[in-house]
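Just so you know, the sequences run in chain order A and B. 704 is the number of the first residue of the first sequence in our numbering; add one for each residue after it. 704 is the number of the first residue of the second sequence in our numbering; add one for each residue after it.
Be careful, since some hints might not be right.
To be verified - Computed spacing ranges between beta-carbons, pair by pair:
(1) GLU794/A <-> HIS952/B: 37 to 47 Å
(2) SER900/B <-> ARG912/A: 32 to 42 Å
(3) ILE1109/A <-> GLU759/B: 36 to 46 Å
(4) TYR806/A <-> GLU808/B: 38 to 48 Å
(5) SER900/A <-> GLU909/B: 27 to 37 Å
(6) ASN810/A <-> GLU759/B: 23 to 33 Å
(7) LYS822/B <-> ILE1109/A: 38 to 48 Å
(8) LYS811/A <-> GLU879/B: 56 to 66 Å
(9) ASN892/A <-> GLU909/B: 37 to 47 Å
Keep in mind that the hints were calculated from the coordinates and are not lab data. Where a beta carbon is used, it is the ideal one built from N, C-alpha and C, also for glycine.
There are 2 protein chains.
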Amino acid sequence: MEISKAKETLDRLEREMFAYNYAMSSINLDARTAAPPETQEGRSVALGILSSRSHELMTSEDLWETVNTLYDNKEEAGPEYFRRSEILRKELADMRAVPAEEYAELNKLLSESQYVWHKAKAANDYASFAPYIDRLIAARKHIFDITRPGIDPYDVALDSFEEGTSREYYDRFFSELRETVVPLIAKVNAAEQPDDSWLHESYPVEQQRKLSQILMDAFCLDRNHCSITETEHPFTGGPTSQDVRITTHYYEDLPIASVYSVIHEGGHANYELHVDPAYDYNCLKGGCSMAVHESQSRFWENYVGRSREFTDWLWPRFCELFPDQTAGKSEDDFYRCINKAQPGLIRTEADELTYPMHIMVRYEIEKKLFAGELTSKDLPDAWNGLYKDYLGVDVPDDRRGILQDIHWSHGGFGYFPTYALGTAYSAQILDTMKKDLDFSSCVAAADITPILAWLTEKLYRFGSYIKPGDVVPSICGAEFSAKFFTDYLKDKFGRLYNL
Amino acid sequence: MEISKAKETLDRLEREMFAYNYAMSSINLDARTAAPPETQEGRSVALGILSSRSHELMTSEDLWETVNTLYDNKEEAGPEYFRRSEILRKELADMRAVPAEEYAELNKLLSESQYVWHKAKAANDYASFAPYIDRLIAARKHIFDITRPGIDPYDVALDSFEEGTSREYYDRFFSELRETVVPLIAKVNAAEQPDDSWLHESYPVEQQRKLSQILMDAFCLDRNHCSITETEHPFTGGPTSQDVRITTHYYEDLPIASVYSVIHEGGHANYELHVDPAYDYNCLKGGCSMAVHESQSRFWENYVGRSREFTDWLWPRFCELFPDQTAGKSEDDFYRCINKAQPGLIRTEADELTYPMHIMVRYEIEKKLFAGELTSKDLPDAWNGLYKDYLGVDVPDDRRGILQDIHWSHGGFGYFPTYALGTAYSAQILDTMKKDLDFSSCVAAADITPILAWLTEKLYRFGSYIKPGDVVPSICGAEFSAKFFTDYLKDKFGRLYNL
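Working from the sequences, and respecting the hints, build out all of it.
See the structure below:
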């Protein structure tokens, strides 16, 4: 195949893939935001057929040959086509290695296990979900055995969510974290806590919606290209850099939840919105990895949004919307309450300090599950024991324990660690940014344009053209180290709790 | 091809079509309800590819052969497969007759003309849209010339929207209408009009939303299978009988607009929701024609919703939601104001009596356009002249005249007449229904279950299995006659205006 022909073919086939993905996301978005409840049947018929067509395309000889032509002719392909061939070659090799029937069976298992998990969580009935954990682990291991024979399956799982990571990589990272964070949590637990009961009074949802609009403006989220709607669980999606959607959830007695979910999802959105639009219809679009994406949502949520500078900017606007609820309180109360650190049971409700411990629990369990040192029946005990060790809390039931997250029912083993890694990435990125611009003044004025421009220049515009492992070295000129994150936590929570 | 094989193949290929249609509707629904404004580019790339795939499937030899096998073996195919083959054979023959390039060109022209129409309407600039009318008429005629050579092209256009209709059919229908309605409008215009200014005060949208929920309940629209959202123009959609969506638009100073748009779209929805679910994934699903569909939306909107029995039921509920605005008014005022008949400029705002005249204007113009007796440059004058003749009103500008409707920019010539025909169908159906059940008592109690059951039994469940021309004869045991509709109008408006 000629190179020019290969480039043309790749463009055409990737556009075709784009159309299927666009369709399937649109259908799923509708399901999560607008569809009446009892409409699964038609949706699953449509999605089943569209995903078969998409799978056929991905495993076609035409695409495989095209990708390999470009991969084998790096020089002539040029850097962008080469990078596309590199990304696709890995993905296609995996898909082609798995027989179509096995692929279909796995999809069936995943759809069943998600359904069972939803019911099990609602009924606090771990026993009904347990067999699916074993089946999912077995299925994953079996597939990894075909696609990456001879490599430890949990290493493969970790690498599949974050290229270049492994147990060794995460063991080192988490041990550094544990060293700092576990004793820090103990000290914070012994210190005096701010009274945040006033932030749990009634905050009308209509007013919270207005606050979201203020935040959308503050974080430069252009409504021509980015919408906000409401769903049970907040998320970010969207097919191109011109079309991004974020969602949030309002709790009448917890206004801070939606404030930080909007800033968090807004961070994911700003990354997507600033990728080079030239990548819109190929695999270079979007963020370059799970951890790097999370580094950006956490950057905006924590390093910007929970900073003293930002909460001081937010405070008068918050008071204007909620005058009765905030009467007699100060911006100092606001900052301290927003940053209250307290071990809890639920990952998604955790503060900045205790959050990584929730991830460590999941990492330890996944590692042992893949090593065969635990099976599904051991998990509740293992989970509850680790929560006691790392966070000092007693888990009262499986609903708030082992059953709390949806990820495993999706087969997403190896995903959780990227959440903690991303947060640590962005601490190091922030350290470098502060040498280039006056971060503190920008945040104090909620003038985020210079910060956004800096991140776009260094990271966002590259989409998946840049490799995740190159992100920190290329931006910071040094290897990744967890030290920036642990130093940040020690400093911030040391001041907050006068340790 | 064996019959059993042909049935299997048809099922498979129709499911495939279902998936593409599901995807395209989901994308279009998102565009109309949720997508940020500047997101057309990615959407049109995706829709272009999906519609090409769908067109390939529709024009494939595989499907053509399958359909013909079933069509040619009526007995063995059995009634449902035969009817499916009959519907598809007509549709596919048309698609196959048009060369793919011509099909693509027409789609390009349609997309361009819709864009130009939107801008032209906003700017009140008919001249910019006019050339598209000529191009669209020429394109339609050219295609009809290929698919139905030797038949008058406007007859083909009418038949394409409502099987079995023609100029002769509509000429007879409209002349009967004209005979009754034009003098009736003149008498009403000379009579005293109720003062409905109180229905144009401020009615908060939040309260109007509550009223919509009351109406959804009253009309048995099960929220598990039918949702309501808000769009610029109300419509009904949805992929299966299990998944139907209606939309409405709230105007703060016109609460009656959304009341009757909810009942109207709810009528379309109830039809879709009660088609036999066995047809969900093939071409028998959904209503059997445009006019029959409209007969049902108008049935619920006008014969039920605007009846004295129903407005009396609605009145106390309306007062409870809007106590200040309704103070000092009676249920008699409510009924008379809701049914106020007054010639106006805008079709979508027209009352029951004047509505058919708006349709007649469009019918006369389309007929002359296809006959070459008018070209685009003559249209504003022709339009304004007919509005004066039929409705006695002067059209002040093209925005409220020739440019008001989107239909022609979609190439939908021949569509409008179905709106009037459907309304007349349902007057005759109502006449028969009243012999079987106590319509008046059911409506007075807003107990619509018996009415819905009757319509489901006689019409809804059959979906497109029944032919549109058979609907009135099979339900009423007689040929269609406009007399039921004209009698209804004479009676209702005679009483309302003491004529």
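Results of checking the hints against the structure:
1. A beta carbon spacing of about 45 Å between GLU794/A and HIS952/B agrees with the range 37 to 47 Å that was offered as a hint.
2. The hint said 32 to 42 Å for the Cβ distance between SER900/B and ARG912/A, and at roughly 33 Å that hint holds.
3. One distance hint, 36 to 46 Å for the beta-carbon pair ILE1109/A and GLU759/B, holds here, with the actual separation near 37 Å.
4. In this structure the hint that TYR806/A and GLU808/B lie 38 to 48 Å apart at CB holds, the actual value being about 39 Å.
5. Between SER900/A and GLU909/B the CB atoms are about 30 Å apart, so this pair conforms to the stated range of 27 to 37 Å.
6. At roughly 25 Å, the beta-carbon separation of ASN810/A and GLU759/B lies within the given 23 to 33 Å, and the hint holds.
7. Here the CB-CB span from LYS822/B to ILE1109/A is close to 46 Å, well matched to the stated 38 to 48 Å.
8. Checked against the given bound of 56 to 66 Å, the beta carbons of LYS811/A and GLU879/B, roughly 59 Å apart, stay inside it.
9. Range check, ASN892/A to GLU909/B: Cβ separation about 45 Å, and the 37 to 47 Å hint holds.
Hint compliance for this structure: no hint is broken.
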